[in-house]
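Enquirer: Please construct the entire structure, taking both the sequences and the accompanying hints into account.
Protein chains in written order, with this note's numbering: chain H, 993 to 1276; chain C, 993 to 1276; chain S, 993 to 1276; chain L, 993 to 1276.
Since the hints were derived computationally from the structure, they do not count as laboratory data.
Given that identical chains are not distinguished, each listed pair holds provided it fits within a single copy or across any two copies.
Keeping only pairs whose Cα atoms sit at most 25 Å apart, straight-line, the calculated SDA-like set for lysine to any residue is:
hint, residue 1, residue 2
1, K1111, F1100
2, K1039, V1009
3, K1095, H1000
4, K1031, F1100
5, K1148, V1184
6, K1031, E1127
7, K1039, E1127
8, K1095, L1043
9, K1095, L1079
10, K1111, T1194
11, K1031, G1212
12, K1210, D1253
13, K1089, T1110
14, K1039, G995
15, K1031, N1175
16, K1039, Y1236
17, K1095, Q1128
18, K1111, G1193
19, K1031, P1172
20, K1031, D1200
Since the structure is predicted, the reported quantities are computational estimates derived from the model, not experimental observations.
There are 4 protein chains.
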Amino acid sequence: MLGGIYEHSEWVAHSFVASTTTTTSTSITTMTQLANALKTIVNDASKEQKLQLLQAHPDLCQKVSTTTTLSADSQDEQAKSGLQSSLTDTEQEQFTKLNTLYKQRFGFPFILAVRNATKYTVLAALQGRVTRTREQEFQTALEQVHNIAWMRLLTKFNLQASTCQGFLTCHVLDTANGCPANNMRIQLHRLVPAESAGLVGTFVTNQDGRLEGGPALKGGQQMIVGVYEWTFYVADYFASKGTYTAGTPFLDTIPIRFGIDNPDDHYHVPLLVSPWSFSTYRGS
Amino acid sequence: MLGGIYEHSEWVAHSFVASTTTTTSTSITTMTQLANALKTIVNDASKEQKLQLLQAHPDLCQKVSTTTTLSADSQDEQAKSGLQSSLTDTEQEQFTKLNTLYKQRFGFPFILAVRNATKYTVLAALQGRVTRTREQEFQTALEQVHNIAWMRLLTKFNLQASTCQGFLTCHVLDTANGCPANNMRIQLHRLVPAESAGLVGTFVTNQDGRLEGGPALKGGQQMIVGVYEWTFYVADYFASKGTYTAGTPFLDTIPIRFGIDNPDDHYHVPLLVSPWSFSTYRGS
Amino acid sequence: MLGGIYEHSEWVAHSFVASTTTTTSTSITTMTQLANALKTIVNDASKEQKLQLLQAHPDLCQKVSTTTTLSADSQDEQAKSGLQSSLTDTEQEQFTKLNTLYKQRFGFPFILAVRNATKYTVLAALQGRVTRTREQEFQTALEQVHNIAWMRLLTKFNLQASTCQGFLTCHVLDTANGCPANNMRIQLHRLVPAESAGLVGTFVTNQDGRLEGGPALKGGQQMIVGVYEWTFYVADYFASKGTYTAGTPFLDTIPIRFGIDNPDDHYHVPLLVSPWSFSTYRGS
Amino acid sequence: MLGGIYEHSEWVAHSFVASTTTTTSTSITTMTQLANALKTIVNDASKEQKLQLLQAHPDLCQKVSTTTTLSADSQDEQAKSGLQSSLTDTEQEQFTKLNTLYKQRFGFPFILAVRNATKYTVLAALQGRVTRTREQEFQTALEQVHNIAWMRLLTKFNLQASTCQGFLTCHVLDTANGCPANNMRIQLHRLVPAESAGLVGTFVTNQDGRLEGGPALKGGQQMIVGVYEWTFYVADYFASKGTYTAGTPFLDTIPIRFGIDNPDDHYHVPLLVSPWSFSTYRGS
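Expert: This is how it looks when you write it as structure tokens:
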């Protein structure tokens, strides 16, 4: 069942099964723990095994339709990146040239976790990464392999399981007045995946600047891996405080777009805001 | 021609004309200078004159159709705020109660620069401002009057005049790597006004993290008062640097929405960004 | 006992006593609540009463030794600002000129909460505030009066009382790696007041980036009004993560200096940090 | 002359000399270019050569006095880190244990650019880095080697040369009022090296929030590698704007401490500030 998680590298799954049967490691209860166990097996493997793992990955450049070494998962992932259909002749040429240079320089194919990536992503990544040192690139390629493995785990297993521990919280601080932003209206939309896109909820901040009613998302049914967007109605808030803003406010409704990669994690995505500046970050 | 800029207060325009004829003040060449000259006249007026100016403003609560004291400009502005059509009975009741309280408490009507404002804006502003001191509220009401005057000036005069000095610039700094973000793709859209909405341009940052080719907007033809949105393709950029990001990046395309209120001004709207945080501000 | 809190304005204390005897307002248990009660009495007074309150304040410019209208509290506060001793002739001249202009323009003396202020503070404040409108300056002067009242309350009452609810917390987020900064060393020093200055404690962050052991300061014995400084050992932290920094790190030990004004409040003073950027704010 | 820059690895210097004689590379005019040329030689070397370079480094744990494989430069650097004198027995034990584990795990000694580092730095770095993967650690060790090489180049060559192009600039933005901070007083102190420590200068911001008179430091005589500190008088500034702050301001004088590692570079170290928040970053 775990065989295809690391491309053409059954040994990762075999090692995992071996480790779980010999030791009494019954401690794996979340997707994150499973992913970390597999990751550790790969990280602890020899340099040669890692190189083989990298080399086992398909060449992004080859046509999906003509390759037989591409796993079904890889075909699906590359189709979603729109690589096959949308390249102009110039881009195709540039892509082929960089891809060839990359393989010559590093001895393994260019690897990128490409779900939702565009041709701009792939070309930018190729252009930048082809100039780096072998050590840097070996390391980065392994990270991409782990990212791909994670995406495959998410697809393979039922994420809406009740075991998911993740949740999404918010906090709004008014840096013009040095206090939590009370009574600010906030909306949350899911943008990706398309099939569950739409308004998730409308919230109002309490006296501590946090959402009345707790997390905006909680557990596997709600913490769907994808892209989200807060909308903060900051001009309305500053109007209620009498804080000066322009006639056409510099900041009115502020969108904060962010991705959720792991339904087991706590995502804290706050807003620090004055009428003339704001910032956000992945908090905890 | 300047008569209606300050609601039912011709004396502001008269004072201005008087000042320009007695002194040889030929130095007013921009809209900003004109607005500031009028503003100074109001600010230097007596307390009683200011109070009369505030009291000359229409009551937001009265129906547009039934009032005769509402100037044509005010009618237009209130219609755009959607106040008449969209209030529920409960909201109307809340609105009426707060508005009455406000007038009793302060002795002048509630004033808010309402173009593009929604009922949420107006109710939030009323709720917050009704609780403040007379001194605070007198001051805030005057600021709103100046904002309204500015919006009327912008409507009355030809903004696409060649004299407009304003421009819009950008800068992207990579706070994960401590350097300007080179070769990042950026788009600029105009969202408001609807009649000129759409993609304004696609840009790429240079080695200093600034836009190749100079300002994104320049002069009156381009610096249209309204709402704009940058889109920064940050995941593509970090992919090119080999900087670690998640499979579904926390930050992929970042929208930064902002208003341009004054076509004479320089708007510098930069981005400071790591794969896990970003901030922006009105710079210079 | 409350008579001198608002300069030469016994009516504030009388109103307070009247309000506490007529109503059964036994709800005042903290210094903050007392200050707010007095503040509300002043804010609800008539314009004339407020003006008299402003006019009751001593002229900052007059020599402490020669004035008899200066209350004992004011004498103490102005002595601490070092105004009398340190002005050069040019500064004295500038100060006198601005001060005269200020009184002519606004009809009340220039008021500034001056404990710990230097001549630079006073001159900068005078220069800037003399140019504002009467409404702005009346409002600002009242805020300064409230600040002075607060400082006098703090001096008059025993702040080390067990009723003080305030505490100081910290949080460190690593914006380069998108996670709480675990195992970072932090020190806290008190800089002012001089008599209790020194190292308050050394802390280490836990897995959530917060201080092991709870608040760094708690209650009246520790939450002394004054100036504090965190020292964050960020280069050591990034060295432990293997995150790239320069040989002479751009950020090594980061000092964050901040004031505590109210021993009843929660002060949350966090750090968001990458090897190339940081920010802080008054949080909650 | 370049022989000792990379520890016991004369081949780097030989390669460099070879490259400069065969090609007509007369383009190296700055220290940065020289360092980058040597760095490229190392980065382009074989995996085995790099491993030998890492292995050529002395063991941080061995006593300086008893080792003969330690180069003179390394002895000097380790003495400055205070490792020999200040370790307690417990720390020494912990250090020895981690160091042994590190060598077993990775096959090369623990390398850290230690000038100005303390025992806390070294222990934190060891603790964190011993848990990473071989690929990550190989990469990080190489970065440390480049940092050490850079520090040795700086020591070996006359940095006060007129060819140094670096300079230090500042910018202050007022995020509470959305404008450049005009007329703010700023001081710059040098903290390290001790022999040239002290006040560098006092500055005032102009209308654009920048330093009157251009860069605070310029060229090799002034851009001394070391630690610096801005002091921003922000409470004085906000007092002049009439912006509300507390009686004991949350932010009064703000110190921003930062390192200058490369006298050839432009260091832009700005401040974004409201009365309740601030941030800074290495800008450009």
